[in-house]
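Asker: One letter stands for each residue in the lines below.
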Amino acid sequence: MNITIEEKASVVFISVKEERLDAHNSGDLKNQMLSLFEDGKTQLLIDLKDVRFVDSSGLGALVSGFKNASSHNGNLKLCNLQPQVKSMFELTRLHRVFEIFPDAEEALASF
Amino acid sequence: MSEKIEVNIRVPNQTRYLSLIGKIGEDIARTLKLYRGDREELAFNINLVLTEAMTNVIRHSREEAAADEINIAISICDQELKIQVFDQGRGFDVCSIPAPDFKRLDEHGRGVFIIRSIMDRVSYRKLKSGNVLEMIKSLR
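Sequences listed follow chains A and B, in order. Heads up, the first sequence is in my numbering, so the first residue is 1 and it goes up one at a time. Heads up, the second sequence is in my numbering, so the first residue is 1 and it goes up one at a time.
Heads up, some of the hints might be wrong.
[As the list claims (entries may be wrong)] Derived contacts from chain B toward chain A, CB cut-off under 8 Å, selection only:
1) Phe44
2) Asn47
3) Gln88
These aren't lab readings, by the way, just hints derived from the structure by calculation. Cβ atoms here follow ideal geometry from the backbone N, Cα and C, with glycine treated the same way.
Put together the whole structure using the sequences plus the hints.
Answerer: Structure below.
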């Protein structure tokens, strides 16, 4: 999976550079986040600007990351969701679970 | 004159074909001249149900089944969209799955709920060889 990772102060900023986040590649994202947690990084911001499609596996990977972050007293937040992707979070009621920001700046400031 | 389309697809039973199948579904939606709703939303939704249904088959197939094929039929007739996903495996009866508990943060279990939310009718039945998941949506 194509992602870029930057550290911005105490936050790890992950940009998913894929159009689709689905059953084929969501495992990679999940493993990537697991590595970060193992390295003691617990503040994660995931930028989904390029993602135009997410399925239940993609949501599941993000949920897994969220649970791991929380169990390490950390945070996992999201930003730049495209409208259809945001609708997926609303359909599955995950918009009440994740903090979702319209842009990265606002998201980073919230940590 | 109503639009009539029928597409039959056969691909290996592997997740790397999800985007291909999803794209075919999206492209079909975009050809629908008579559809009065949001065509982009319909395209996304067809992509989504195809992806979810295909993933279910892959997940519940035997490990050796990666070399098997999955057969998908998409048809539009009389302003009704029908998607059939045929599996030769043990099958996975989506109709037996309850709605997810939204209070629990489960990693899995949303796929069937998503299919049922988007499509008007969902059924799963046994055939002579294998099973078929049939999903229907009215396009009126």
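Asker: Does each hint hold? Answer for all of them.
Answerer: Now the hints, each set against the structure:
no. : hint  : in the structure
1   : Phe44 : 5 Å, holds
2   : Asn47 : 6 Å, holds
3   : Gln88 : 19 Å, violated
Checked against the numbered hints listed earlier, the structure breaks hint 3 alone; every other hint is satisfied.
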